[in-house]
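A.B. asks: In case you want the letters, here they are:
There are 2 protein chains.
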Amino acid sequence: MPSFNNRVTKLFNIDYPIIQAGMVWTSGWKLASAVSNAGALGLIGSGSMYPDVLKLHIQKCKSATTKPFGVNIPLLYPDIEKHIQTVIDEKIKIVFTSAGNPKIWTGILKQHGITVVHVVSSSTFAKKAEDAGCDAVVAEGFEAGGHNGREETTTMVLVPAVKEAVKIPVLAAGGIATGKQMLAAMILGADGVQVGTRFVCSDEASNHIAYKQLLVNSKEGDTMLSMKKIVPVRLFKNHFYELINEAEAHGATKEDLAKLLGHGRAKKGMLEGDLNEGELEIGEVSALIKDIKPAAEIVKEIWNDYNDALKDLIKTNNHLFP
Amino acid sequence: MPSFNNRVTKLFNIDYPIIQAGMVWTSGWKLASAVSNAGALGLIGSGSMYPDVLKLHIQKCKSATTKPFGVNIPLLYPDIEKHIQTVIDEKIKIVFTSAGNPKIWTGILKQHGITVVHVVSSSTFAKKAEDAGCDAVVAEGFEAGGHNGREETTTMVLVPAVKEAVKIPVLAAGGIATGKQMLAAMILGADGVQVGTRFVCSDEASNHIAYKQLLVNSKEGDTMLSMKKIVPVRLFKNHFYELINEAEAHGATKEDLAKLLGHGRAKKGMLEGDLNEGELEIGEVSALIKDIKPAAEIVKEIWNDYNDALKDLIKTNNHLFP
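These protein sequence lines are chains A and B, in that order.
Each residue of the first sequence is one higher than the one before, starting from 25 at the first, in the working numbering.
Each residue of the second sequence is one higher than the one before, starting from 25 at the first, in the working numbering.
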């Protein structure tokens, strides 16, 4: 089969326009290198790493793949300067930034020849990212796991809105775990997709196996956008979520919620597998995931499903393709 | 061009698998007949009509079109028996039911030869509708206007989930105003789409012109799912919404909210055009709507855009279609 190519495969020099999200406690060098070796783009998630840990993951990832890979940096990370310096020192070529203002760091990263992509939840933020010099944006819908926007715009509406607002390539995120969902996102205006939740249930993801199994057995309605008074985060509805939810229903303040959240909740849940007391950040599409498998098989499965869905379209629309 | 056909066009005997939602204070005989005359399926929204008003709208719709049309009946309507009797007496052939249990009325409607479609917000409810004998379901995502589900599942995730759960045809709703969005929904597993918000901005919709103009000038983030303690409803964020939102943030009870809501808020807002004090039920996709036009042109525009998007796919995927 001749190879697929578009603005996103060219921007990152990859085979398929599929990006694996850089998720806390999940996306280490093992996952990122496995995804990149499979022809998609792997990202190391630096949000849960100390600066020296990030350096180690980058070095191990370089040993594990000769293909392009990148690093996700949440811009609200406390030691942000160190993370920026690390990706520059390590000559990382691709950085995805999220949760913050792209104006501050994009220019500096680009001076070092780094391709910069920013995650946004609205077309207004997408325009700002473009103006800040970003090479592409991720348009992340309400259904996505983890940190999320305040306007609650879903992928179905957000992707066309962002596409209309900017000229740079658009990656769709939120609710995408299958090739059909990927094709749907591409029709809405995306040039590629960022997939998070599906890769949480991969062999190489560093999160706890009990957490992966919980997701495989989960159903619709098991996640909810929560902690809106602090920063909206989509969580799995476990005991910790219920505590937050109960407090919010009774008018808890920002400070009450911050106290309830405490420290280390995400690590406790996702890495250590404390499924009751931990904070479990995950997307709605977890309801559709039925197995845990190697990341390379997930990439292959999504791409094959995308192509099958395309061929099916030709069959079911014989008014156009007789 | 040869005509399109699938399970939905055959079920309703229509040209395009597009259904216009039966919306309160919006979908009278003028809108329903205009849509049906254009080759899609028009629905009269009985939720805001007294029984004798519904009868009149059905009779006028019959005079205005020889094409199939239907009636939407919210099952929580206080005088539900009268509405059911009216559609039977008037020999209506298609009924869409929503907001309630399909077990009670589906059998009776089907005994009278009526095709019954039920609106659902989860695959569990879809399965129940199928078991109750419904001929199809509408899978309505979180982004949709008006009454909505408690699980907050978006169209991107809900449609594949419902498709997997039932054998009967699936209509996607929520976030669909363009042919691209329609095509995306079809790829996700839908056999057709139900479009609401787009038709609110049609010449024939009976809602107030000031409301239509408000929507044409609206942007992302202008709607929000609200009143979750009573029944979740997606509203335009006007002064009335702010009152509700403020009360909810301070822990208002169900009773507090019911008192704030009072009576006649929806009529005041949508029909009478009191954009501050009225309740304005609308979907997220309103942010993408830029004009008010005849319903027939909307049908044509969606269908042409659907076909153009399909042809574009062939061009942009030349690895499959060289």
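If you are wondering where the hints come from, they were derived from the structure by calculation, not from laboratory data.
Keep in mind that this is a model prediction, so the values were computed, not measured.
Careful: at least some of the hints might be erroneous.
If chains are identical, the list can't say which one is meant, so a pair holds when it fits in one copy or spans any two.
Derived lysine-lysine pairs resembling DSS-like cross-links, with alpha carbons at most 25 Å apart [as the list claims (entries may be wrong)]:
id, residue 1, residue 2
1, Lys314, Lys151
2, Lys79, Lys91
3, Lys261, Lys278
4, Lys261, Lys117
5, Lys127, Lys317
6, Lys261, Lys79
7, Lys314, Lys117
8, Lys134, Lys115
9, Lys236, Lys34
10, Lys253, Lys278
11, Lys236, Lys84
12, Lys317, Lys79
13, Lys291, Lys191
14, Lys291, Lys34
15, Lys84, Lys106
16, Lys283, Lys115
A.B. asks: Hint by hint, note whether the structure agrees.
C.D. replies: Here's how the hints hold up against the structure:
1. Lys314 / Lys151: This pair counts as between: shortest inter-copy Cα distance 19 Å, intra-copy 37 Å.
2. Lys79 / Lys91: within (18 Å within a copy, 68 Å between copies)
3. Lys261 / Lys278: Both: 20 Å inside a copy, 23 Å across copies.
4. Lys261 / Lys117: Close neither inside one copy (37 Å) nor across copies (42 Å); limit 25 Å.
5. Lys127 / Lys317: neither (38 Å within a copy, 40 Å between copies)
6. Lys261 / Lys79: neither (34 Å within a copy, 46 Å between copies)
7. Lys314 / Lys117: neither (34 Å within a copy, 40 Å between copies)
8. Lys134 / Lys115: Close inside one copy (12 Å), not across copies (68 Å); limit 25 Å.
9. Lys236 / Lys34: neither (33 Å within a copy, 43 Å between copies)
10. Lys253 / Lys278: both (6 Å within a copy, 21 Å between copies)
11. Lys236 / Lys84: within (24 Å within a copy, 57 Å between copies)
12. Lys317 / Lys79: neither (27 Å within a copy, 58 Å between copies)
13. Lys291 / Lys191: neither (38 Å within a copy, 42 Å between copies)
14. Lys291 / Lys34: neither (36 Å within a copy, 53 Å between copies)
15. Lys84 / Lys106: within (19 Å within a copy, 71 Å between copies)
16. Lys283 / Lys115: neither (39 Å within a copy, 61 Å between copies)
The structure fails hints 4, 5, 6, 7, 9, 12, 13, 14, 16 (numbered hints given earlier, in ascending order).
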